[in-house]
Amino acid sequence: MKKRFSRRAFLSTTAKTTIASCAVASISSAGAIFAMEPQVTASATGERIIDIHTHFEATPGYIDDFLRVSSQLNLTGCMLTPFEHRHAVAEAAKKNPTKIIPFGYVDMDAPDVVKQVEELHALGYRGLGELEFVKKPYSDPAYFPVYELANRYNWVVLFHSGIVLREKFHEPEDVASYRMRAIYLEEIARRFPKITVIGAHCGNPEYEWASEIARWNPNVFFDLSGSTLKKLSGRLSDFSKYFWWTNTNEGTETPHNNPSAFTKLVFGSDTSPKDVAGVLSQYHAMFDACGVPESARKLILGGTLATILGLPD
Amino acid sequence: MKNIFSRRKFVAAAGLASGMGLGLGKFEKSVAGILPDPASKKTDSSSTGRIVDMHVHYRHHESNFLDTLLKLSDRLNLTACVLTPFEHRKVVVEAAKQHPTQIIPFGALHLDEPDVTKQMEELHELGYRGLGEISSMKKNCSDPSYFPVYELASQYKWILMFHTGIVGRGEFTEPENVASGRMRPIHLEEIARQFPKLTILGAHLGNPEYEWAGEVTRWNPNVYFDLSGTTLPKMAGRLNDFRKIFWWSDVEWEAQPTDDPSPYSKLVFGTDTGTSNIEAVLGRYHAMFDACDVPERTRKMILGGTLAKMLGLPD
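Heads up: the protein sequence lines correspond to chains F and Z, in order.
For reference, each letter of the first sequence is one residue, going 1 to 313 in my numbering.
For reference, each letter of the second sequence is one residue, going 1 to 315 in my numbering.
Be aware that a few hints might be false.
[As the list claims (entries may be wrong)] Partial selection, computed: residues in chain F whose CB lies under 8 Å from chain Z: (1) D174; (2) S177; (3) Y178; (4) S227.
[Unchecked claim] Quick list of in silico lysine to aspartate or glutamate cross-link-like pairs, EDC-like style, CA-CA up to 16 Å: (5) K90/Z / E125/Z; (6) K197/Z / E171/F; (7) K135/F / D143/Z; (8) K244/Z / D238/F; (9) K136/F / D143/Z.
In case anyone wonders, no lab produced these hints; they're calculated from the structure.
Beta carbons: idealized from backbone N, C-alpha and C, even for Gly.
Isolated chain F, as found in the complex (with noise of 0.2 Å):
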């Protein structure tokens, strides 16, 4: 998301009543999920924990404080990063390989994004995101040498998808969730194969496009960042029915070819490091009030994205 600050705030604020709200969804084990020692939350799988949204702050001790977190949880960070940062976080990845994975965010209307896609690679970015407030809906074809070069680069590329925050309220803007709907997604999935696809929140508010997209392209996935999971957390289960094909063999390959239709989520937090263990606890509420089995569970929170990008266990 553009507007960081504000958004992280506010998502700070809110992470703190997370918990309450969550532990109002009526779920039976909600008190056991949410007694919380968040280390221990995420750390009792003992395996990879890979956060596909982490956004990089240009703030002093950013990279310190989020390798903190990364050690504690055992936490993968694919840092999606400013154009103007890249050096930074690509030599703050080289150094540290196995925690943080540079994503570039280009602004895709940008005369010269192809150049600067290209230098992205040449420094070693696995790939793009969060792509987001563009002047044309995304599968347009003005982006589709954005596309191409991705594509020929076996990128992952992490879209928002769904409604957008307001960034002014008293300047006119010119932005529109309309252009970032997961519908859009799939055209891209479908020209370019090779590209992993990744949609952020999970299309919110049309979660049944965004999985059916996800159903019906193997190279397609979503997180669930944002406002989704609080906005559902008293009815949780209500993703089961978004999620609806598992032992059905109505869906199509995975990486690990999983029979749980959940493996088409992977995590992505979307907030600062000191929040990351807070979404962790959304999402094992989510797990818990729909009965994700337990290797699905360590596909989406990490074993998925790691396969992708080919880290080690």
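Based on the hints, put chain Z in the right spot on chain F.
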């Protein structure tokens, strides 16, 4: 709505059939069983203050329409935003001048008319306060070709009321160039962001895209919705579902437009019906309020407080 008359006929017939404006074929009985009897509801304004109805179509074909409306207005302490086709602009503005707290003139223009901005200028000069119901346009309502209209409305600080969602079909045997897809609530977001001085009202809560409407109003302080049309009848058996649409608390509400922390404060009252059914719609709003535990203060704002403030009406 395009073709108000055929829609009106339909609603009027339905109203006669059910006594509540809800005659929806095979659903009629079940809906009638679910909905509270509007007559049993306290629908006068003694507890709510002024009621402002955002969605009253001027019915030129009904004799004494304005007189009937004024009588109802006296009884309910009701102010009506009267959505007026251009050709009837003078009669309504005259009535509004005589009854300035009871009739607020809004112009029902067609965005695709070549002289639409000229019509707006004339309406502004006459004292019109906004446009509505804007409907049945030939392109998405956020298409840049309509920006001159929005720019002018912005300059006038007008309220614009758009139809949203599924739209009535005016012609069943003749081709018509109408598409509900051009009037989705998601398009209102683009207009609200591009023209932050506009107040935008979406009719019908985007039926059936309620969740989009909820998210769009959550993030845009200058966007509100009414629950007119079939939205409340359709949801009559599950009014509690409005909690899923208006789900947020003030904690995560950056775009909260007033000091009212209730997400329901992004609703306004609208009936989109004949004068004989306005009280029935009021009853349906009250049923939703009860089902969702809408705070008393917020109810008052929805039923009139918010629009009274926007329109500068006395309490």
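**Prompt:** Going back to the hint list, which numbers does this structure go against?
**Reply:** Violated hints: none; all satisfied.
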